[in-house]
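Enquirer: Next come the chains, spelled out residue by residue.
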Amino acid sequence: MADKVKLYDIPEEEFLLPGNRMCAGCGLSLIYRTALKALGPNTIITVPASCLTVLHGMQGFTSVDKISVLNTPFATVAASASGIEAALEAMGKDDKVTCVAFAGDGGTTDIGIQGLSGAAERRTNFIYACYDNEAYMNTGVQRSGSTPYGSFTTTTPIYGKTEHKKNMPKILEAHDIPYVATSCAAYPLDIYAKFKRAKEIKGTKYIHILSPCPPGWGFSTKDTIKMGKLAVETGFWPLYEIENGKFSLSTPSKRLLDPAKRKPIVEYLSTQKRFNRLSNEQIEEYKRYINQSWEYIKSKNLTTQLL
Amino acid sequence: MVDQKVHEIILASIQKPVVGEAGKTGSWSRFKPKIDLDKCSVVKMNKDVCHFCWLYCPEPIISRTIPPKINYEYCKGCGICAEVCPPKAIKMVEESEL
Numbered sequence: 001m002a003d004k005v006k007l008y009d010i011p012e013e014e015f016l017l018p019g020n021r022m023c024a025g026c027g028l029s030l031i032y033r034t035a036l037k038a039l040g041p042n043t044i045i046t047v048p049a050s051c052l053t054v055l056h057g058m059q060g061f062t063s064v065d066k067i068s069v070l071n072t073p074f075a076t077v078a079a080s081a082s083g084i085e086a087a088l089e090a091m092g093k094d095d096k097v098t099c100v101a102f103a104g105d106g107g108t109t110d111i112g113i114q115g116l117s118g119a120a121e122r123r124t125n126f127i128y129a130c131y132d133n134e135a136y137m138n139t140g141v142q143r144s145g146s147t148p149y150g151s152f153t154t155t156t157p158i159y160g161k162t163e164h165k166k167n168m169p170k171i172l173e174a175h176d177i178p179y180v181a182t183s184c185a186a187y188p189l190d191i192y193a194k195f196k197r198a199k200e201i202k203g204t205k206y207i208h209i210l211s212p213c214p215p216g217w218g219f220s221t222k223d224t225i226k227m228g229k230l231a232v233e234t235g236f237w238p239l240y241e242i243e244n245g246k247f248s249l250s251t252p253s254k255r256l257l258d259p260a261k262r263k264p265i266v267e268y269l270s271t272q273k274r275f276n277r278l279s280n281e282q283i284e285e286y287k288r289y290i291n292q293s294w295e296y297i298k299s300k301n302l303t304t305q306l307l
Numbered sequence: 001m002v003d004q005k006v007h008e009i010i011l012a013s014i015q016k017p018v019v020g021e022a023g024k025t026g027s028w029s030r031f032k033p034k035i036d037l038d039k040c041s042v043v044k045m046n047k048d049v050c051h052f053c054w055l056y057c058p059e060p061i062i063s064r065t066i067p068p069k070i071n072y073e074y075c076k077g078c079g080i081c082a083e084v085c086p087p088k089a090i091k092m093v094e095e096s097e098l
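Here the protein sequences come in this chain order: U and D.
Once you know that position 280 of the first sequence is 280 in our numbering, the rest is easy, because the numbers rise by one and skip nothing.
Once you know that position 86 of the second sequence is 86 in our numbering, the rest is easy, because the numbers rise by one and skip nothing.
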C-alpha cells in the first residue's frame with residue numbers, strides 16, 4: 001500500500017519546463033508534472049502518439065528536462081518498454097533506472113491493449129501509466145473505448161455513446177500483476193504516493209489516472225480540479241490500489257462505501273457540455289452503473305478483510 | 001560506413017530541452033492570477049503551511065517560496081490556483097491591473 005504523502009514531501013525540483021504546448025488547465029500536465037517528481041531523473045519514458053507527444057515538442061526542442069523520452073508509434077508503447085527493460089537488464093542497470101510507459105486512454109484501451117497484455121504476461125519490470133481523458137482528445141475528441149456512457153464526441157450518435165466505459169484496471173487485475181492502482185488528476189498527493197510505491201515494486205505495475213480535459217469535456221479551464229474531485233466524490237471514479245491481490249480503497253474513496261455519502265451523479269454530469277444531451281433514463285442508467293460497480297468494490301474490500 | 005550514417009540520423013533526432021518551446025504562453029489569456037499578500041496564509045504565518053497554488057498548478061510557474069512568485073511570462077491563465085486557494089487570496093484580474 002502506498003504511504004501517506006504530505007505536500008512538503010514532494011520535491012521542488014521540476015522536470016517539466018514552462019512554456020509548453022499543453023492547453024491551459026490541462027489535467028495531464030498536472031499528472032505528468034507530479035509523476036515525474038515521484039519517478040526522479042533516472043527514468044526512461046516511452047510515449048505513443050497522444051497529447052504527451054504534443055508536450056514533447058516539435059523537431060529539435062522539447063519541454064521535458066533531465067529525463068530520457070522515446071516517442072514510439074501508437075500500438076507499440078508496451079512493446080518498446082519491454083525492449084528498453086531488456087536492454088537495461090542486459091546492461092545490469094535495471095535496479096537504478098525505471099522504465100515507464102505513459103499512454104493515453106486510446107493508446108491503452110483500444111490500440112495498445114495487445115502490447116500491454118503481452119508485456120504484463122511476460123512479467124516485464126516496468127510501470128504502465130494510463131492517463132484517461134476519455135476520448136482521443138489530441139485529434140479533436142473522437143470516441144475511445146474509455147469514453148463514458150452518454151458522452152458526446154464527434155464520432156458518437158447524437159444522443160451520446162451507447163456503451164459504458166471499458167474497465168481497464170479490472171482487465172489488468174486479471175493478469176495477476178503485482179500492482180494495479182487508479183488515481184485522479186485532482187489528487188496530486190495520491191498520484192505522487194502511487195508512483196513512488198510502484199517504483200519500489202518489481203514486476204509489471206499499472207496505474208490508471210483520470211485526467212479532466214477542459215476543451216474535450218466542455219468545462220471552464222479553472223474547474224479541472226473541481227471536475228476531478230466530483231468524479232471521485234460521486235463514486236463515478238473510485239480510487240483504489242491492488243497490491244499482490246490485496247485490495248485497498250484510497251483515502252478519498254474510503255468513506256464512499258456508504259451510498260449516502262456519495263454526491264448525486266447529476267452534479268458531475270450537469271457541469272460538462274459533453275453530457276448536455278443526457279435523458280432522464282440515461283441518468284437512471286448511470287445510477288445503476290455506479291451502484292453496480294460499488295457492489296463489486298464492496299465484495300473485493302470484504303474478501304481482503306477476511307484474508 | 002553505413003553505421004556512421006545511422007548514428008548521425010539518430011543524433012539528429014535528439015531534442016534539446018528549452019524553456020518556452022511553444023513561445024511565450026503568457027499571451028494565451030487576458031486574465032492573470034494576482035496574489036493578495038495580506039490574505040495569503042503562507043505570508044501571514046511566515047512558514048510553509050499551504051502552497052496549494054504550487055501543488056495544483058499544471059505548469060511549473062508558481063514557486064514554493066514565501067511569498068509565492070508567479071512567472072507571468074509563461075502563465076497560461078487557467079485560473080486553477082484561484083479556485084484551489086483555501087483563503088481565496090488569489091484573484092484573476094485583467095493583465096493591465098497587475
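Warning: the hint list may mix true and false statements.
As the list claims (entries may be wrong) - The calculated DSBU-like cross-link candidates involving lysine-lysine, where the alpha carbons are at most 35 Å apart (straight line), are:
#, chain 1, residue 1, chain 2, residue 2
1, D, K34, D, K69
2, U, K261, D, K88
3, U, K261, D, K91
4, D, K88, U, K196
5, U, K66, D, K16
6, D, K5, U, K196
7, U, K4, D, K69
8, D, K16, U, K6
9, D, K88, U, K222
What the hints contain is simulated information worked out from the structure, not anything from laboratory work.
Since this is a predicted model, take the numbers as computed values, not measurements.
Enquirer: Each hint needs a verdict: does it hold in this structure or not?
Expert: Comparing the hints with the structure gives:
Among the hinted pairs, K34(D) with K69(D) is consistent with the structure: their alpha-carbon atoms are about 10 Å apart, no more than 35 Å. For the proposed pair K261(U) and K88(D), the alpha carbon gap of about 27 Å is at most 35 Å, so the pair holds. Between K261(U) and K91(D) the CA atoms are separated by roughly 32 Å; this keeps the pair inside 35 Å, and the hint holds. Distance hint between K88(D) and K196(U) is fulfilled; the C-alpha atoms sit about 31 Å from each other, no more than 35 Å.
Note on K66(U) and K16(D): the hinted pairing holds, with a Cα-Cα distance of about 10 Å set against a maximum of 35 Å. For the suggested pair K5(D) and K196(U), the alpha carbons sit about 40 Å apart, so the restraint of at most 35 Å is broken. For the hint linking K4(U) to K69(D), the alpha-carbon distance of about 28 Å falls within 35 Å, and the restraint holds. Proximity of K16(D) to K6(U) is assessed by CA-CA distance (about 33 Å); at most 35 Å being required, the pair is judged to hold.
Taking the CA atoms of K88(D) and K222(U), the gap is near 14 Å; set against the 35 Å cutoff, the hint holds.
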